[in-house]
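For the sequence shown, the numbering used here begins at 0 and goes up steadily by one.
I should point out that these hints are in silico values taken from the structure, not numbers from a laboratory.
Computed from a prediction, not measured in an experiment: that's the story for all the values here.
Note that beta-carbon positions come from the ideal geometry of N, C-alpha and C, so glycine has one too.
Misleading hints may appear alongside valid ones.
Computed beta-carbon distance windows for the label pairs [as the list claims (entries may be wrong)]:
{"hint": "1", "residue 1": "Thr46", "residue 2": "Ile104", "range": "25 to 31 Å"}
{"hint": "2", "residue 1": "Ala207", "residue 2": "Lys83", "range": "37 to 43 Å"}
{"hint": "3", "residue 1": "Val139", "residue 2": "Lys83", "range": "25 to 31 Å"}
{"hint": "4", "residue 1": "Asp20", "residue 2": "Gly45", "range": "46 to 52 Å"}
{"hint": "5", "residue 1": "Asn70", "residue 2": "Thr146", "range": "28 to 34 Å"}
{"hint": "6", "residue 1": "Val111", "residue 2": "Thr136", "range": "15 to 21 Å"}
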Amino acid sequence: MTMEIQGDRSGNLATPKLSLDRHWIMQSAMQRYADEGRLFGTTQQGTGVVTQAGLSATDAILAIHNPISSNMTARLWFAGLTLKVANTAAAVAWLGVNTNTNEAIVTGTAAVVRNYNLGGGVNNTQGQKMLAFTTATLAVAPVALCTLGAGLTAAITTVPAVPPFAREFYGCMLIQPGTTVSFQTSTASGAASAHGEYVWSEHKLITAA
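Hey, can you work out the whole structure from these sequences and the hints?
Here is the structure:
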C-alpha cells in the first residue's frame, strides 16, 4: 500500500505529526483520495460479457477511457477480471491499452461508476471525468500491456471458488487524456461469464518532467 505524510490538496507535504503514543501519523494515498472524493470504481453489473478471441476492438469486456478534453490524469489502483464459466479453450487474460489521441472516442454501454466517498451528501459520480463502458467498441485493437492470468477448460463446478485475475497498480499507471484501458482474452469465453473491475483516482493533469 502506498503511504504518505498527510499534506494539502495541492500535494504539498505537511509538517509530520505525532500520535499520542509518539508514532508518526501516516495515511494511505488511496484513503486521502477517497476523503477528497477523487477515488472511483466500476464493476460489471448483471450476467457478464462474452469475450472476444484475441486483442480486439469489438465488445471489450469493460473499458475505462480518459477523454482527450478532460484536462486530468487518472491513476489506476486496481484491475481485476473474473471468468465464472470454463473456457472452450485455454485463454490468457490481458489488460490492453490504446494511446492514440487521434482515435475516435470509445462507445458502448455506459457502466455504473461510483465515487468511493459513498453517501454523506456526495453524488455517486461527483467529479468523475473518466468514462466507463461495458461491451465497448474501441477505435482499433489495443496493445497488451500486462498479463493478469489464464483461464482453463476444466469445469469450475469442481472447485469451491474461482479467484479473480487481479493486479494492484498502486496508482503507478497513469491514464492520460486520449487513453483507453480494457480487458482482453486470447480466446473467446464459453459464455457471458466475464466480469471486470477497476479502481482509479482522478487528478490535475500530470505532465512529464
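Here's how the hints hold up against the structure:
Taken as a hint, the range 25 to 31 Å holds for the pair Thr46 and Ile104, whose Cβ atoms sit roughly 26 Å apart. Distance hint for Ala207 and Lys83: a CB-CB separation of about 40 Å, consistent with the stated range 37 to 43 Å. Here the CB-CB span from Val139 to Lys83 is close to 29 Å, well matched to the stated 25 to 31 Å. Look at Asp20 against Gly45: about 48 Å separates their beta carbons, and that is inside 46 to 52 Å.
Take Asn70 and Thr146: their Cβ atoms lie about 32 Å apart, and the range 28 to 34 Å holds. Restraint check, Val111 to Thr136: a C-beta distance of roughly 19 Å satisfies the suggested window 15 to 21 Å.
Every hint from the earlier list agrees with this structure, and none is contradicted.
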